[in-house]
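Could you put together the complete structure from these sequences and hints?
So the chains spell out like this:
There are 2 protein chains.
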Amino acid sequence: MNDRLTQQTAFLSEIEKLKTIYRRNRTIDRARFENSAEHSWHLALMAIVLCEHADQPGLDLFKVVKMLLIHDLAEIHAGDTWLYDTEAVASQQQREDAGAETLFGLLPSEQGDKLNSLRREFDARITPEARFAVAIDALQPLANHVLTGRPDDEDPKPHATEVLARKRHIEESSVVLWELAQRLISQSAADGLYE
Amino acid sequence: MNDRLTQQTAFLSEIEKLKTIYRRNRTIDRARFENSAEHSWHLALMAIVLCEHADQPGLDLFKVVKMLLIHDLAEIHAGDTWLYDTEAVASQQQREDAGAETLFGLLPSEQGDKLNSLRREFDARITPEARFAVAIDALQPLANHVLTGRPDDEDPKPHATEVLARKRHIEESSVVLWELAQRLISQSAADGLYE
Numbered sequence: 003m004n005d006r007l008t009q010q011t012a013f014l015s016e017i018e019k020l021k022t023i024y025r026r027n028r029t030i031d032r033a034r035f036e037n038s039a040e041h042s043w044h045l046a047l048m049a050i051v052l053c054e055h056a057d058q059p060g061l062d063l064f065k066v067v068k069m070l071l072i073h074d075l076a077e078i079h080a081g082d083t084w085l086y087d088t089e090a091v092a093s094q095q096q097r098e099d100a101g102a103e104t105l106f107g108l109l110p111s112e113q114g115d116k117l118n119s120l121r122r123e124f125d126a127r128i129t130p131e132a133r134f135a136v137a138i139d140a141l142q143p144l145a146n147h148v149l150t151g152r153p154d155d156e157d158p159k160p161h162a163t164e165v166l167a168r169k170r171h172i173e174e175s176s177v178v179l180w181e182l183a184q185r186l187i188s189q190s191a192a193d194g195l196y197e
Numbered sequence: 003m004n005d006r007l008t009q010q011t012a013f014l015s016e017i018e019k020l021k022t023i024y025r026r027n028r029t030i031d032r033a034r035f036e037n038s039a040e041h042s043w044h045l046a047l048m049a050i051v052l053c054e055h056a057d058q059p060g061l062d063l064f065k066v067v068k069m070l071l072i073h074d075l076a077e078i079h080a081g082d083t084w085l086y087d088t089e090a091v092a093s094q095q096q097r098e099d100a101g102a103e104t105l106f107g108l109l110p111s112e113q114g115d116k117l118n119s120l121r122r123e124f125d126a127r128i129t130p131e132a133r134f135a136v137a138i139d140a141l142q143p144l145a146n147h148v149l150t151g152r153p154d155d156e157d158p159k160p161h162a163t164e165v166l167a168r169k170r171h172i173e174e175s176s177v178v179l180w181e182l183a184q185r186l187i188s189q190s191a192a193d194g195l196y197e
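So the protein sequences, as listed, match chains A and B. With the numbering used here as the guide, the letters of the first sequence map in order to residues 3 to 197. With the numbering used here as the guide, the letters of the second sequence map in order to residues 3 to 197.
You may find that some hints are simply not true.
Identical copies go unnamed one by one, so any copy, or any two together, can satisfy a pair.
To be verified - Straight line, CA to CA, 25 Å or less: simulated SDA-like cross-link-like pairs of lysine to any residue:
(1) K19 to P143
(2) K116 to R34
(3) K19 to H161
(4) K159 to N118
(5) K159 to R34
(6) K65 to D31
(7) K19 to P59
(8) K65 to E112
(9) K159 to L7
(10) K19 to I30
(11) K169 to Q113
Keep in mind that the hints were calculated from the coordinates and are not lab data.
Rendered as structure tokens:
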């Protein structure tokens, strides 16, 4: 087997693990928590379906989709970080950067560097593609909460004002999707899912 | 909310259900069966990483990725069909076509038509993009079997010769990936996963 294919299959086997990294929100049957792999799939399709609502014209949509497919891979080493867990959020970037170096290092170097660079572009939230991808990533759990109810009844409920504050960056990418996000937050607050 | 966004959010809520459609193979911790949403995520990333091995140059890779992200959505209405269940395979196309009409019909019509047309292109296996996407879809469970062992000890084991016959179409898209597939099949046969 050629060396590149050996490295690529090692990477593709390693990322099987993303299917076992669980988030705080549930699947629609409430039978289990959502994992980061199926979450990433949902985001990629959301971006494809909702791209007309990005305020910036001419986005490179494939770049957005690639970012969303890989944006959580560093969790394989770093674990999922809950947005409202302040302590974990403080160390998140450092933990994920280290995890990403290890993971993307499995690939042929120029291929791993390209994907890791896309991940860093996503995290930096500067380019229009990264802002739109981050907006989609912020929007999906809000829609999921309305459909599935609160992630875990034992968890402290975030305040609706805190949710609004942490999701406000959606507005930087899409006024229409920010309106949708606010409507979803109001609905979950009315349903008692947020304080 | 504008009409298009209402239709798009109805579709994006409906596809939550793909996370509850389970396949025959397991996750790497063997704790549960893999679902079609995380499977689709894995395929999209496999296509991105392995595209250099497609024999046809100049593939439209984004088209391949979009096909793989949507290729199983019709299962929301039709259920997952096991490749080795001959009776279910016979009615699969008809069941999935009907399911897809309903599902993509939730979207604004020109957007739903485009996605459903991509799904039909995938199923027809004629264009280079469809052949490569279908090859990736055939390859992933072979790699997963080697990592996770047999899907279910109660299921009848397929014969290695049948697996080889049903996966042989990979060769039409990529000689290199067909060699990889044969190696994976031999390994699983040696591990006692196939007869």
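Worksheet item: Failing hints, ascending?
Response: 2, 3, 4, 6, 7, 9, 11
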